[in-house]
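Residue numbers (my numbering), protein chains in the order written: chain A, 1 to 341; chain B, 342 to 666; chain C, 667 to 1103.
Simulated from the structure, these hints should not be mistaken for laboratory data.
Among the hints, a few may not be true.
Claimed, not checked - 30 Å max Cα-Cα, derived DSS-like pairs, lysine-lysine:
| id | chain 1 | residue 1 | chain 2 | residue 2 |
| --- | --- | --- | --- | --- |
| 1 | B | Lys591 | B | Lys540 |
| 2 | A | Lys149 | B | Lys498 |
| 3 | A | Lys152 | B | Lys540 |
| 4 | A | Lys73 | A | Lys282 |
| 5 | A | Lys202 | A | Lys72 |
| 6 | A | Lys149 | A | Lys72 |
| 7 | A | Lys114 | A | Lys152 |
| 8 | B | Lys540 | C | Lys1038 |
| 9 | B | Lys591 | C | Lys896 |
| 10 | A | Lys114 | B | Lys591 |
| 11 | B | Lys540 | C | Lys842 |
| 12 | B | Lys583 | A | Lys152 |
| 13 | A | Lys282 | A | Lys72 |
| 14 | B | Lys583 | A | Lys182 |
| 15 | C | Lys842 | B | Lys583 |
| 16 | C | Lys1038 | C | Lys1056 |
| 17 | C | Lys929 | B | Lys591 |
| 18 | B | Lys387 | A | Lys149 |
| 19 | C | Lys1013 | C | Lys1056 |
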Amino acid sequence: MTATRTRRTRSRETIEDYLLSEQQLEDMYYHMLLARRLNERMLALNRQGRAPFVIAGAGQEAAQVGAAMALKKGEDYVAPYYRDLGVNLVLGMTAREAMLNLLGKRDDPNSHGKQMPSHWGNVSRRIVTQSSVVTTQFLHATGIGLAAKLRKDPIVVLTSCGEGSTSKGDFHEALNFSAIHKLPVIFFVENNGYAITESNEKEMPVPNVADRARGYGIQSAMVDGMDCIAVYQTVRPAVDQARRGGGPFLIEAKCYRLWPHSSDDDDSRYRPKKELEEWIKKDPLTLFRSRVEDDGIFPREDLDEIEKRVEEEVRDAAQWAMMQPDPLPEDALTYVYRELS
Amino acid sequence: MTTMTVIEAVRSTLDEEMARDDRIFIIGEDVEAGGVFRATDGLHAKYNDRVIDSPLAESSIIGISIGAAHYGLRPVAEIQFADFIHSGFDQLCSEASRWCYRTNGDAYLPMVVRTPWGGGVHGGQHHSQSIEAYYAHMPGIKVVAPAFPADFRSLLKASIADPNPVLFLEHKRIYRLIKQEMEGAPAETQLSRARVTRKGTDLTIFAYGFMLHESLNAAETLSGEGVDCMVVDLLTLNPLDKETVLESAKATGKVLIVHEDTLTGGLGGEISAIIAEEAFEYLDAPIKRLAAPDVPPMPYHHAMEDFFMPNREKIAAAARALAAY
Amino acid sequence: MATVTMPQLGESVTEGTIIAWLKQPGDPVALDDSLCEIETEKVTAELPSQFEGTMGEILVPQGETVEVGMALCTVLEGAPGAAPSPNGHAKAAAPGAWSGGPMAIPPDEEAPAPAVTVATAPAPARAAATPVAGVTRKPDNRERFYSPVVMRLAQEHALDLSTLHGSGIGGRVTRKDVEAAIAQPPAARTTTDRTAGAPTVALPAQQRSAGAYVAVPLSATRRTIAENLKRSNLEAPQAWTMVEADVTPLVNLRAQEKDRFLKQEGVELTLLPYFTAAVCETLREFPMLNARWEGDELRHYQALDIGIAVASEHGLVVPVVHNAGDLSIAGLAKRIADLAQRAHARKLRIEDIEGGTFTVNNTGSFGSIASKPIVNYPQVAIVTMERVVKRPVARDDDAIAVRSMMNVCLSFDHRAMDGLEAGGFLAALKRRLEAIA
């Protein structure tokens, strides 16, 4: 089910201020909302004892959806990280698949129950499989960029991580190599303020991740990660430039992790309540809705209708997924090696 | 008929494979200039941007190879010395080894990581190590360690053709020490096949790499003393050819496993466990391991280095004692 | 005088080439003076002298490649105290001087450690290696320590291990000891029959109760035959076939002749000489059965040297009637009697048991009516004559008659012939036996 199934036909003409069409704006809202509602439903299932673990992206939907929409679906590669449900939805993952993934079901297209939830991967959608080890995917993206350059394929790779990951060696090795070889890689850092419990000041002595680009000779940008339209407008030119051979780009989206690190975490132990309350006011969903409403792009009832549709879709996905078959115990033994073809 | 050293076998194979398949590229430190052991000599001039110098960052060499292999290319990465591979351990262990498994076979990595290993070259702590056991422990990665030039050729080809990550270990001591006539030479063309290099009835020696040559030499010495040693070249260390291991252990009932890796947690432990579990009723003596002592490998001064490394004399002595048992 | 050797210029480098000599014989040499220029696959470098004095002899001419460690030139050391010996340090661990510790096997185990603890016990350093061959047997308790393979083989072959002599450390019975014991067939039963004893595989020791054993020292004759039978079973794919012959006329003939024969020839007349004669005639027709392997070569022989299996008190022997085809029935009877008698008296010479091209085995003397003999390696076929029994048989005219019937069994090495030849031989032999009257 996608956002195009609405009663009113949306215009595909670009609206000047937005650099996006009505249709794209609706898709944007739909994907952000779907990501949030899925995460909420997942957490509910966890609290009911039906899903062992949830790691969510609440507060980062704008960054994820805005960045992913700047890519050519099915052509460009992404090497995302575990919070990037929004990226996956934009690139084609359905609500039902997201729920299969949560429950580790046999037919989960990401890993068929072999990985924890939110460890994405889908070959046909060009979503690169990832582990729980952070930032390793930066080098995989670099390798894909190198391969594409060697083959002269006009594709771009977008890889993402949280700001906590930028302290790891692989981050620096990837930036360095990509810069040397001018590879078509977008390094997209979703700075959500926390690396589990550690706030930014404990992670780095510079105020911005983007500042680090200079040391590698990479272009960089910072953007309000709570504003989906702004994220799109920042990432899109960087993607286009990389596709033309302009080399890598580091983009830091300043956003906020509205939820605890995971379903196993209690953020009240380390996060000031006041800080959270301030950020909730900047919730990307509220921000987007008020802007398009104020600008008169969509009437309120249209947005309400999207809301209703997403809720139904999520309820259906959860119920459906719970009835799907589990993997067989002995599936644990399969696919250690790929057979010689 | 040409005679080839190990290094020539590696170089010629890389050249032939790159000419055959333009998806193959080489990445590593100093590879454009031919590499410190000259394994890629002349290849940059011939294949240009398909031979890529990397910064001194092993994790990136392996991580980038993973990405490129996922994309559909066939990277052959070179880690200058096996001793430096550990900063790429995470990429091999957490990523490459489980790429196929965690995607249920949707994605896979046809990549090779070549690296010179082993001691006896006055390389001290960080130019001498045996690293195979760390990687042989990882399901999802294949580990290959040939001993003869012909096997270097055929198994490097097989490794490049394999759709899984292969760690291809090249013992640096034999790079130029071992020469072989290339025509009609025995060559294993498939991974995970061990080979009985020398037949014998009194005891069975399992070895690989440089130690295979030392074991063959010891077997020759012992045959003059009436002791008939079977010598098995393991060739692929992961996944092991259990069938040949068991068959050759059963044939004599006396087993000596030789490696220059340190004793504890070395491959000898695994091989002896397989034999003890599945060939117990064929054993005629305790399974013996001849390995380097459990000290950080390996001391630099040649007196200590000689003491550390197993060699033909130590193998002969161990085999002699076992034969007499 | 000091010798300068080819240095190892770089890891993995095994040889170097002299590009140029920078010093000539007679030139003064100071410390670190460059003596020559060397090229290896990895580097090109000048070789600085570690000696002081006068350049001596150049041992490797320019342009030549030599291995690391080879002598390149000599330097006549001049200035006093200029140069110490090139290698200040003691030679590293001599072979065999490994002192246990982390190595799992003590390299020279003079006195064996207690049986089950060898694996980890570090041995003290030894001065010299123990000679390998003929491990000294010590009166420790290892004679009764049996390894898993020894136990298994003993069980499979119902061997009493206490009868075996151990060749391993401390007198331990090894796998090879057990395999050798298995290869020896159990001592053949004593029989009063003059010519008997089939080289068939005797049932192993289920028949023998535990403790009822005597270890029997094996004679050289016995070992030879055992070795041949083992080889036969290991190397030759053997097929077996049998025919039935109506020997009523032959039995009648022998009954008529036997008293006269004993009086005239001095030996008893049995069916064996008639049978042997028939075999000889048939072998002339089928020479591929009168053969031996010589290495990989199969040789058909003209001479008919027929082995006759004899079960003596000392075990089975197969003495050979040389040129049996040239002998009459009487001649055969005498030769066979002579060989059998000497077999019983252990008077057979080596030539008496060598060179057979085919073997005849009178298993009928045990009462056997069918047996599967083992080809007497390196021969390619063996035939048995089974016991003659009176049986009612249907004749060609469908009438039932009581006849003297004998089975004839043939084992042959299928590598040497096919069933066509073997079957042809047996059919022809049957015809001949039935025609004797």
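Quick one, are Lys583/B and Lys182/A close enough, alpha carbons at most 30 Å? violated, 47 Å
- Message: Hinted pair, alpha-carbon criterion (30 Å max): Lys152/A, Lys540/B. Please report holds or violated.
- Response: violated, 53 Å
Starting from Lys842/C, check that the Cα of Lys583/B is at most 30 Å away, please. It holds: about 24 Å lies between the C-alpha atoms, which stays within 30 Å.
Quick one, are Lys114/A and Lys591/B close enough, alpha carbons at most 30 Å? Judged against 30 Å, a Cα distance of about 38 Å means the pair is violated.
(Q) Hint check: Lys149/A vs Lys72/A, CA-CA at most 30 Å. Holds or violated? (A) holds, 17 Å
Mind checking the alpha carbons of Lys540/B and Lys842/C for me, to see if they're no more than 30 Å apart? holds, 16 Å
Within a Cα-Cα threshold of 30 Å, do Lys114/A and Lys152/A meet the stated pairing?
violated, 34 Å
**Request:** Quickly compare the C-alpha distance for Lys73/A and Lys282/A to 30 Å and report which way the hint goes.
**Result:** holds, 29 Å
**Study point:** Distance restraint between Lys540/B and Lys1038/C, which requires alpha-carbon spacing of 30 Å or less
**Key:** violated, 34 Å
Item to check | Given hint Lys498/B paired with Lys149/A - CA-CA distance at most 30 Å | outcome: holds, 25 Å
Is Lys1038/C close enough to Lys1056/C, meaning Cα to Cα at most 30 Å? Given pair Lys1038/C, Lys1056/C holds - Cα atoms ~22 Å apart, limit 30 Å.
Has the given pair, Lys1013/C with Lys1056/C, been kept, meaning a C-alpha gap of at most 30 Å? violated, 37 Å
Figure legend: structure checked against the earlier numbered hints; hints not met, in rising order: 3, 5, 7, 8, 10, 12, 14, 17 and 19.
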